[in-house]
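Asks: Just so you know, the protein sequences line up as chains A and B, in that order.
Here this note's numbering = 1-based position in the first sequence + 1.
Here this note's numbering = 1-based position in the second sequence + 1.
It is possible that some hints are incorrect.
Computed footprint of chain A on chain B; a stretch qualifies when at least three of its residues, placed anywhere within it, have a C-beta under 8 Å from a C-beta of chain A [claimed, not checked]: (1) 24 to 32; (2) 75 to 83; (3) 94 to 104.
Ranges between beta-carbon positions, derived for each pair [to be verified]: (4) 44/B <-> 20/A: 27 to 37 Å; (5) 47/B <-> 89/A: 31 to 41 Å; (6) 39/B <-> 64/A: 40 to 50 Å; (7) 10/A <-> 23/B: 33 to 43 Å; (8) 73/A <-> 20/B: 20 to 30 Å; (9) 82/A <-> 12/B: 36 to 46 Å; (10) 67/A <-> 94/B: 22 to 32 Å; (11) 65/A <-> 24/B: 19 to 29 Å; (12) 44/B <-> 67/A: 43 to 53 Å; (13) 9/B <-> 28/A: 27 to 37 Å; (14) 39/B <-> 40/A: 40 to 50 Å; (15) 3/A <-> 12/B: 31 to 41 Å; (16) 7/A <-> 83/B: 26 to 36 Å.
Computed far set for chain A versus chain B, every beta-carbon distance over 12 Å [as the list claims (entries may be wrong)]: (17) 16; (18) 42; (19) 44; (20) 47; (21) 50; (22) 76; (23) 88.
No wet-lab data here; the hints were simulated from the structure.
Virtual Cβ for every residue (Gly too), placed ideally from N, Cα, C.
Protein chains: 2
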Amino acid sequence: MTNIFSNIPSEIPNEIFEDILNTNNLRIERIVSKGQSSPDTGWYDQNENEWVIVLSGYGEIEFINGDKVMLKQGDYLDIKAHVKHKVIATSTEEPTVWLALFY
Amino acid sequence: MTNIFSNIPSEIPNEIFEDILNTNNLRIERIVSKGQSSPDTGWYDQNENEWVIVLSGYGEIEFINGDKVMLKQGDYLDIKAHVKHKVIATSTEEPTVWLALFY
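With the rest of the complex left out, here is chain A:
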């Protein structure tokens, strides 16, 4: 047993990406952010579908069509493959813990 909120460093100069599970069909990733956003230069354009839930903090996602979605604790979203998106803000007050499933 492991806790999703464990092993979060007090300083998070860069986002932390960690695989929790990695199988043929499913990859579970924990992402920990604190104030970071996606690089200005690019959009995520993923080959896999991504189901993502915010478990602490908050993150705001922008889609290439201009839609913006603010995800707070417990909010989840299904982002289909090749739907271009980026993270435009995350909490600067506390770590934002994302649980992302790539399937």
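Chain B: place on chain A using the hints.
Replies: Just chain B now, kept in the frame of chain A:
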């Protein structure tokens, strides 16, 4: 966008099982318990692997080898297919919200 803690009734006489996502490779289920446990008569003996995290409340799982694991908020566990287990207790004070991935 949906919140995993939304639409929880105030009374939960029976556990609530809801599919959040259902694809060929992955099924995401929200389970809401309040004081329930698995039927005395049986063990879960599943054809799929299950990765499960508790997002509120707590649940205690027993395995057929006698091991017991208490899952509190944020605790997660990977239960491989056909590893027999059952839920022996869940919080009576607040809803226990489980996010279960069958893969």
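Asks: Are the hints correct? Go through all of them and say.
Replies: Structure-based check of all given hints:
| no. | hint | in the structure |
| --- | --- | --- |
| 1 | 24 to 32 | holds (count 4) |
| 2 | 75 to 83 | holds (count 5) |
| 3 | 94 to 104 | holds (count 3) |
| 4 | 44/B <-> 20/A: 27 to 37 Å | holds, 30 Å |
| 5 | 47/B <-> 89/A: 31 to 41 Å | holds, 40 Å |
| 6 | 39/B <-> 64/A: 40 to 50 Å | holds, 41 Å |
| 7 | 10/A <-> 23/B: 33 to 43 Å | holds, 36 Å |
| 8 | 73/A <-> 20/B: 20 to 30 Å | holds, 23 Å |
| 9 | 82/A <-> 12/B: 36 to 46 Å | holds, 40 Å |
| 10 | 67/A <-> 94/B: 22 to 32 Å | violated, 44 Å |
| 11 | 65/A <-> 24/B: 19 to 29 Å | holds, 23 Å |
| 12 | 44/B <-> 67/A: 43 to 53 Å | holds, 50 Å |
| 13 | 9/B <-> 28/A: 27 to 37 Å | holds, 29 Å |
| 14 | 39/B <-> 40/A: 40 to 50 Å | holds, 47 Å |
| 15 | 3/A <-> 12/B: 31 to 41 Å | holds, 33 Å |
| 16 | 7/A <-> 83/B: 26 to 36 Å | holds, 29 Å |
| 17 | 16 | holds, 19 Å |
| 18 | 42 | holds, 26 Å |
| 19 | 44 | holds, 19 Å |
| 20 | 47 | holds, 15 Å |
| 21 | 50 | violated, 8 Å |
| 22 | 76 | violated, 5 Å |
| 23 | 88 | holds, 14 Å |
In summary, the numbered hints that this structure violates are 10, 21 and 22.
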